[in-house]
Amino acid sequence: MILLRLISWPYARKHLLRCLLTTAGIVLGVGVFVGMRTANKRVLAAFNQTIDRIAGAAQLQVTAGDAGFDEDVLDKIRELPEVQAAAPVIEATVGTGQNNLLVLGVDMLGDRSIRNYDLEGSDTAIDDPLIFLAQPDSLMVTKKFADERGLAVNSKLPMRTMQGDQVFTVRGIMKPGGLASAFGGDLAIMDIYAAQKMFGRGRKFDRIDIALQEGTGLEGATAKLQALLGSGFQVEPPSSRGQQFESTSRMYALASNITSVFALFIGMFIIYNTFAIAVTERRAEIGILRALGATRGQIRTLFLTESALAGLAGTSVGVLFGIAMARAMSGYIGGMLTEIYGVAQSPGDLTLDPWLIGTAVAMGLVTSLVAAVIPARSAARVDPVKALQKGGFQSLGEGENRARRRWAIVFGVASIAAFAFNRFWIMTYVGYVLAILAAVLLSPALSFWLSRALRPLLAGLRPVEGALAADSLIQAPRRTSGTIAALMLSLALVISLGGLARSSYDSLAEWMRIALNPDFFVTTAETLSSRSFVFPGSLADGLRAIEGVAEVQPVRSVRVMVKNAPIMVIAINVGAVAKRVHLPPVEGNSDEMYRLAAQEKGVVVSANFARLHDAHMGEMLEIPAPAGVLRLPIVGVVDDFSDQQGTLLLNRDLFIRYWHDDSVNVFRVYVTPGADAAQVRQRILQAFGGQQRLFVLTNREVRDFITRLTDQWFGLTNVQTAVAMLVAILGIVNALTVSITDRRRELGVLQAVGGLRNQIRHTIWMEAIAIGIIGVALGLALGAVQLFYSIEIARRDLVGISISYAYPFQTALILIPVILGSALLAALGPAESAVRGSLIEALEYE
Amino acid sequence: MLNLIGGLDRPSQGEVELDGQPLSKLSDDELTRVRRDKIGFIFQFFNLLPTLSCLENVSLPLHLRGWPRKKVEERARELLDTVKLGARVDHLPDELSGGERQRVAIARALSVYPPILLADEPTGNLDTHTGAEILKLIHDLHDRLGATVLVVTHDKTVADSCPRTIQLRDGQVFADTRREEVRR
Chain A
1 MILLRLISWP YARKHLLRCL LTTAGIVLGV GVFVGMRTAN KRVLAAFNQT IDRIAGAAQL
61 QVTAGDAGFD EDVLDKIREL PEVQAAAPVI EATVGTGQNN LLVLGVDMLG DRSIRNYDLE
121 GSDTAIDDPL IFLAQPDSLM VTKKFADERG LAVNSKLPMR TMQGDQVFTV RGIMKPGGLA
181 SAFGGDLAIM DIYAAQKMFG RGRKFDRIDI ALQEGTGLEG ATAKLQALLG SGFQVEPPSS
241 RGQQFESTSR MYALASNITS VFALFIGMFI IYNTFAIAVT ERRAEIGILR ALGATRGQIR
301 TLFLTESALA GLAGTSVGVL FGIAMARAMS GYIGGMLTEI YGVAQSPGDL TLDPWLIGTA
361 VAMGLVTSLV AAVIPARSAA RVDPVKALQK GGFQSLGEGE NRARRRWAIV FGVASIAAFA
421 FNRFWIMTYV GYVLAILAAV LLSPALSFWL SRALRPLLAG LRPVEGALAA DSLIQAPRRT
481 SGTIAALMLS LALVISLGGL ARSSYDSLAE WMRIALNPDF FVTTAETLSS RSFVFPGSLA
541 DGLRAIEGVA EVQPVRSVRV MVKNAPIMVI AINVGAVAKR VHLPPVEGNS DEMYRLAAQE
601 KGVVVSANFA RLHDAHMGEM LEIPAPAGVL RLPIVGVVDD FSDQQGTLLL NRDLFIRYWH
661 DDSVNVFRVY VTPGADAAQV RQRILQAFGG QQRLFVLTNR EVRDFITRLT DQWFGLTNVQ
721 TAVAMLVAIL GIVNALTVSI TDRRRELGVL QAVGGLRNQI RHTIWMEAIA IGIIGVALGL
781 ALGAVQLFYS IEIARRDLVG ISISYAYPFQ TALILIPVIL GSALLAALGP AESAVRGSLI
841 EALEYE
Chain B
847 MLNLIGGLDR PSQGEVELDG QPLSKLSDDE LTRVRRDKIG FIFQFFNLLP TLSCLENVSL
907 PLHLRGWPRK KVEERARELL DTVKLGARVD HLPDELSGGE RQRVAIARAL SVYPPILLAD
967 EPTGNLDTHT GAEILKLIHD LHDRLGATVL VVTHDKTVAD SCPRTIQLRD GQVFADTRRE
1027 EVRR
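Sequence order for the protein chains is A and B.
No gaps in the numbering here: position 624 of the first sequence is 624 in my numbering, and each next residue is one more.
No gaps in the numbering here: position 139 of the second sequence is 985 in my numbering, and each next residue is one more.
Take these hints with a grain of salt, some might be off.
[Claimed, not checked] Computed beta-carbon distance windows for the label pairs:
hint: 1; chain 1: A; residue 1: Gly460; chain 2: B; residue 2: Gly860; range: 41 to 49 Å
hint: 2; chain 1: A; residue 1: Trp449; chain 2: B; residue 2: Asp973; range: 35 to 43 Å
hint: 3; chain 1: A; residue 1: Gly460; chain 2: B; residue 2: Asp865; range: 33 to 41 Å
[As the list claims (entries may be wrong)] Selected chain A positions facing chain B (Cβ under 8 Å, derived; list incomplete):
hint: 4; residue: Asp471
hint: 5; residue: Gln475
hint: 6; residue: Glu746
hint: 7; residue: Val749
hint: 8; residue: Ala752
hint: 9; residue: Arg757
hint: 10; residue: Leu843
[What the hints assert, rightly or not] Computed footprint of chain A on chain B; a stretch qualifies when at least three of its residues, placed anywhere within it, have a C-beta under 8 Å from a C-beta of chain A:
hint: 11; region: 849–862
hint: 12; region: 903–915
What the hints contain is simulated information worked out from the structure, not anything from laboratory work.
Treat the numbers as computed from the prediction; the structure is a model and nothing was measured.
Positions of the beta carbon are idealized from the N, C-alpha and C atoms, including for glycine.
So here's chain A without its partners, still in its complex pose:
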């Protein structure tokens, strides 16, 4: 402790800027980790809270995917002696211009045994459910919602329903807390039969909430209900809906975790760099300490303690930064999940998870300590005689570098070997980690070689400034190797994400060209992912009768639990669709698979479903449906990007029979050749737009919507690019600050023999640009390797979609000026400090 006070503290005070920059690495890493995780958890917690609040006293919920089921199921359930109360529910979200509004359709006669509405004041309409029922425009809203929109009892609220625009009347206002806090307080309750009409559900319920008789076991009741309803229904506690959502958004959570871990990994290199430099700078000080009797262990402990303290400080600020980031990002993530997964979100209060904070602190500390292990070991090895010798220099890194190079080769070879055995999924990850480690270990040697290669070029541009800039890098590879490694990793990640995005866009564009070829899509919402409202199947005939319409293909899509995952079942008239669309086959014969699917002898599955859920041609799938379990063989595997979890293509008639559901989410409309598409669209809107909720989206609008969703998904790339630029600036400022200290005498001599201030600036700028060039070169090269693994991991474990390898040259071309510009920006401060220093001190500096 005394050493910390006497030795470390004065050093830290003297190099305050560098200490802050080092800590910034950890702040960034921990901040991104805490921020992304907290934002994700906030969204998930809000979802779970909504489920919990809406579930009320319900212990079990009966569902049949999100297609719903017939009303008579309710009577069957109510007959069971174990069931104390069973309440049907329709649950859907409606855009209200501001936030989404969660509308809950409930049976006012029986629902209060499950849910407590806790209304403000006394209201006869609600106290007597029959009055509420008798007025189909009745609506209950939360106090929060009412206050935000200036609503009171008897206020009117217009909404666009499947029966056209309707005006609802607020007949009750729920007090804050409890049920009213579900969905962030944006909740409305209406009678279930009104909700059926509003959302076009026909005579169907979305689910039934069940409260069991006192003393009834949950497992026993579940088994009994399951036996009663058949395996086409899911009988589960409400909490399992949260698990389903978690599983649906798993890919997003995994991607954000990778980002945060990578940020921390990059932070580690910044710390390593700073400590490696500190050891070099403090050689004389270490020599004195050793001469005065400090043991190697004490020196090592001193550096590790310094690192731990820096880690602790960085982690503390990082946690605060992460909380601020979570606040800023929750809305974005919630909105994105709503659009991609069609599950509306409303981020609730921000709650901090002590485990997450604990993990972040531990990660920050461990990262700092791991980063300082090698520098601390080097410090302990300082030879006091050499350290105290004026002008003497003990090379601490050479042996280490050779060892590093040897390990790099071993890891590189092992990585290739792992690739050869990559049919085992774990080997892909092993190969990936080994390839990254090999690159990291090799980066100092590569930096050295590249610096040497750059010397003639830089000297050619500016004989003195360029040569000195390159020499500075060649002479002190330790000073910059950490920065370059951090830059390399960061850019490699940007390249791999950019490459993944580009490859995905290419694949997606091809899929859209093949699959989304109708002229119009008639939908119930402005977006394709919203499935709250449905059309009656009969609308197809109405659309066909419109002049200029050549063909109408109804599409129904519902999520159903298949292979324990919520899979999208898409019901289409396979025969008709196959005439217009032939998705690229991955397994099976294209004509044959559509023929069999049209004959209801099989199901065509998407390639991502097949990969993610290990399904193969000929395998018999069990698809639960209200009419029983549908058992069909897989007759073909095609590339289809409709859903991230995978899709099953069924014939529509088969779906109608098994789900008792002829409703439609989207009508694919083809215009007669030669007809004016704009006029046809207008005719559709004139014929049906006034009667019901109906949108006619053009082919371009749908494609733009899908591209926008993909843009949002790859919005993470922007975060990564920002992190990469910050790393570039932080690392380069750090390396240059030290470089200027190291080269103080050299720069002094340069000025003494006639170097102008601008010439001194140029040498610092050129050094920064050289660091940038080397970092970019290594980053772009490692990015090519990382992209390969990213595509492999995405194909195997994330989206299951085969994405062709396409190096993002455009991203790379953008990165070059961005990083070199950042490097130059980073060099401005250090260059100014170099020209402002005292010339006398510089020349006497030893």
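Following the hints, put chain B in place on chain A, whose structure we already have.
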């Protein structure tokens, strides 16, 4: 004092004039131009840049003046020949003896043939024999090039070899001696 005369430092009081030009009124870059054109420095610890070869070290002030590469190389080789290091142009400072390093430093100081040469303990870091050689070289250059050479030293032998010696004690001129003939 050398720092003040050489324009490396600014006086807290008083004025230093060079060719009638008061240095304290010059900006940093103007001061650098004065150093570049009129003054050559020879340091006790040579202050060669360790990563540059002898040729590159000597070329340094010429490049900084923006001379064409070919002309720079010709002049640097000529200067290294002058200090008898023509055979070691590509060597790095670490590969030279102390005396050789000081020769390179002298060649660098002479690169633009400045009218003033400032030498700070030029023999202070050398053994007696090498020191004598360097001293002889400085005197030769003084005779051949006609530059004013100002040597700061604590070594009486060095001081006695100079035609004029100004002794300073506690910041004041203590003695000013001119010699007709000096020991070389």
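message = Please check whether Arg757/A passes as an interface residue: C-beta within 8 Å of a C-beta belonging to chain B.
response = 6 Å, holds
ask   = Okay, Trp449/A versus Asp973/B on CB: inside 35 to 43 Å?
value = 40 Å, holds
ask   = Against chain B, is Val749/A within 8 Å by beta-carbon distance?
value = 5 Å, holds
request  = Would you check whether Ala752/A satisfies its interface hint, that is, whether its CB is within less than 8 Å of any CB in chain B?
outcome  = 5 Å, holds
Glu746/A as an interface hint toward chain B, with CB separation required under 8 Å = Interface hint status for Glu746/A: holds (6 Å vs cutoff 8 Å).
query = At a Cβ distance under 8 Å, does chain A reach at least three residues of the region 849–862 of chain B?
reply = With 4 residues close enough to chain A, the hint holds.
ask   = For the region 903–915 of chain B, do three or more residues have a beta carbon lying closer than 8 Å to a beta carbon of chain A?
value = It holds: at least three residues are needed, and the region 903–915 of chain B offers 7 whose Cβ sits within less than 8 Å of chain A.
Status of the hint placing Leu843/A at chain B (closest C-beta pair under 8 Å) = 7 Å, holds
ask   = Holds or violated: is there a CB of chain B closer than 8 Å to the CB of Gln475/A?
value = 6 Å, holds
Supplied distance hint 41 to 49 Å, evaluated on CB atoms of Gly460/A and Gly860/B = 45 Å, holds
key: Restraint check, 8 Å cut-off on beta carbons, for Asp471/A near chain B   = At about 4 Å, which falls below the 8 Å cut-off, the nearest Cβ of chain B leaves the hint on Asp471/A intact, so it holds.
key: C-beta pair Gly460/A, Asp865/B: status relative to the range 33 to 41 Å that was hinted   = Taking Cβ atoms as reference, Gly460/A and Asp865/B lie about 37 Å apart, which means the hint holds.
This entry satisfies every hint, going by the numbered hints stated previously.
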